[in-house]
Amino acid sequence: MKAKNENALISKAELTNRHIVMGDTTSMKLEIVQPKNVVAMAGLEVKDSVSSVVELGDIIACDTIDLGNNRIQINATYIVQAFDSGEWHLNPALVIEPDTIRCDIPLVIKVSPVKVDPNGDIKDFAPVFEPIRKLLDYVPNWVVSLWWVWVLILAAAALLFAYFKWWRKGKNPLKRVKKRLPPYEEAVERLHMLKGMQLWQNGREKDYYTGLTDILREYIDRRFGVNAVEMTSSEIIDALKHNSETQLVNDQLSEILAVADFVKFASQRPLADDNERSFQRAVNFVNATKPQPVTDNNKTSKTNNKEGKK
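Residue numbers (our numbering): 53 to 362.
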């Protein structure tokens, strides 16, 4: 399709789709040849009521080719949209003030109406749906905007809690606490370590008896629930004299405590035999009061006693 003009013309015009549904769009491709110094604007020349039915939209693609001799070729693509059904004749045109250059042969576009079921229900607009809300949507804006303040408050509260819960008492919640051995096993282990230190052999009898009595006091505290750590020697003996588990070794414990008081408070040095004897008596006391495992016979007798009472 060519326009009659020496200076500018539309050398080619075509529609991508000549048959569309009402409201849809198609594209119109134009090849425009013109001098370099000419400013031209493409458009549609429409007849009668076509101007209210067919509309030329924005340009969606454009490139320029230099043909030489001060002439260029412009390849442009425009959007065309139809708003009513029918067969419409379109005339691409170039507007170069004060002239309008038209194509010789018009383009034809056929527009089909939208299919509607006459027997179907008339449907109203869809109702307005409430948006899906998240928990954060219910939080006031001033709370969200001051989020850093709440983070500082929570951090301060956590530090205060940790201080009053642990640090003020000298505890470290992050430090892994080693599980303590049972009273008997701990006492045996500490006695073995004390013997390996060879304190009295090196003239440190006072340290030796202090360590020996400390082991026994803590063992009695954990084993029998007697606060031996805070008691004097005589108070410990009085607290255990009616204990059936210690009756056979109370005398040995009394002799250990007596020798220890003699060394610690009178600054006397016992004989080597006394030191060995005190250690052996401590071992005897711990072994004699070792907790006995519950046997199956004991369990059976306890069960029978309970059933007999019923």
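If you're looking for bench data, these hints aren't it; they were derived computationally from the structure. From the three backbone atoms N, C-alpha and C, an ideal C-beta is built for every residue, glycine too. Check before you lean on any hint, since a few could be wrong.
Simulated restraints, written as ranges between beta carbons of each label pair [unchecked claim]:
#, residue 1, residue 2, range
1, Val335, Met283, 18 to 26 Å
2, Ser63, Ala178, 46 to 54 Å
3, Ala178, Glu66, 37 to 45 Å
4, Arg232, Arg185, 36 to 44 Å
5, Asp76, Cys114, 42 to 50 Å
6, Ala209, Arg185, 39 to 47 Å
7, Ala208, Gln299, 28 to 36 Å
8, Met283, Val201, 53 to 61 Å
9, Glu237, Thr262, 19 to 27 Å
10, Ser63, Arg185, 55 to 63 Å
11, Glu66, Asn89, 23 to 31 Å
12, Asp176, Ile117, 19 to 27 Å
13, Gly277, Trp202, 44 to 52 Å
Distance condition first, Cα-Cα at most 30 Å in a straight line; then the derived BS3-like pairs of lysine-lysine [said to hold, decoys possible]:
#, residue 1, residue 2
14, Lys293, Lys258
15, Lys175, Lys64
16, Lys342, Lys231
17, Lys162, Lys81
18, Lys167, Lys81
19, Lys247, Lys167
20, Lys175, Lys162
21, Lys64, Lys88
22, Lys231, Lys217
23, Lys247, Lys175
24, Lys342, Lys316
25, Lys258, Lys342
26, Lys217, Lys230
27, Lys64, Lys81
28, Lys293, Lys217
29, Lys342, Lys230
30, Lys247, Lys217
31, Lys316, Lys258
32, Lys247, Lys258
33, Lys167, Lys186
34, Lys162, Lys186
35, Lys230, Lys247
Evaluated hints:
1. Val335 <-> Met283: 18 to 26 Å: 22 Å, holds
2. Ser63 <-> Ala178: 46 to 54 Å: At 49 Å between Cβs, range holds.
3. Ala178 <-> Glu66: 37 to 45 Å: Distance hint for Ala178, Glu66 holds at roughly 39 Å.
4. Arg232 <-> Arg185: 36 to 44 Å: 54 Å, violated
5. Asp76 <-> Cys114: 42 to 50 Å: 23 Å, violated
6. Ala209 <-> Arg185: 39 to 47 Å: 29 Å Cβ-Cβ, so the 39 to 47 Å window is violated.
7. Ala208 <-> Gln299: 28 to 36 Å: Between Ala208 and Gln299, where Cβ atoms are some 58 Å apart, the hint is violated.
8. Met283 <-> Val201: 53 to 61 Å: Given range 53 to 61 Å: holds, Cβ gap about 55 Å.
9. Glu237 <-> Thr262: 19 to 27 Å: 22 Å, holds
10. Ser63 <-> Arg185: 55 to 63 Å: 60 Å, holds
11. Glu66 <-> Asn89: 23 to 31 Å: 28 Å Cβ-Cβ, so the 23 to 31 Å window holds.
12. Asp176 <-> Ile117: 19 to 27 Å: Cβ of Asp176 to Cβ of Ile117: about 54 Å, so the range 19 to 27 Å is violated.
13. Gly277 <-> Trp202: 44 to 52 Å: 48 Å, holds
14. Lys293 <-> Lys258: 27 Å, holds
15. Lys175 <-> Lys64: Violated, because 45 Å separates the two Cα atoms, which is more than 30 Å.
16. Lys342 <-> Lys231: Holds, at about 20 Å.
17. Lys162 <-> Lys81: Since the Cα atoms of Lys162 and Lys81 sit roughly 17 Å apart, the hinted pair holds (cutoff 30 Å).
18. Lys167 <-> Lys81: Measuring from Cα to Cα gives roughly 29 Å; hence the hint holds.
19. Lys247 <-> Lys167: Violated, at roughly 105 Å.
20. Lys175 <-> Lys162: Judged against 30 Å, a Cα distance of about 28 Å means the pair holds.
21. Lys64 <-> Lys88: Distance of about 19 Å is within 30 Å: holds.
22. Lys231 <-> Lys217: The hint holds at about 21 Å.
23. Lys247 <-> Lys175: Answer violated: Lys247 to Lys175 is near 99 Å, above 30 Å.
24. Lys342 <-> Lys316: 28 Å, holds
25. Lys258 <-> Lys342: 27 Å, holds
26. Lys217 <-> Lys230: 20 Å, holds
27. Lys64 <-> Lys81: Roughly 8 Å separates the two Cα atoms, so the pair holds.
28. Lys293 <-> Lys217: 40 Å, violated
29. Lys342 <-> Lys230: Holds. Lys342 to Lys230 sits at ~23 Å (cutoff 30 Å).
30. Lys247 <-> Lys217: Answer violated: Lys247 to Lys217 is near 39 Å, above 30 Å.
31. Lys316 <-> Lys258: With Cα atoms ~6 Å apart, Lys316 and Lys258 stay inside 30 Å; holds.
32. Lys247 <-> Lys258: Roughly 14 Å separates the two Cα atoms, so the pair holds.
33. Lys167 <-> Lys186: 41 Å, violated
34. Lys162 <-> Lys186: 50 Å, violated
35. Lys230 <-> Lys247: Given that 30 Å is the threshold and the Cα spacing comes to 24 Å, the pair holds.
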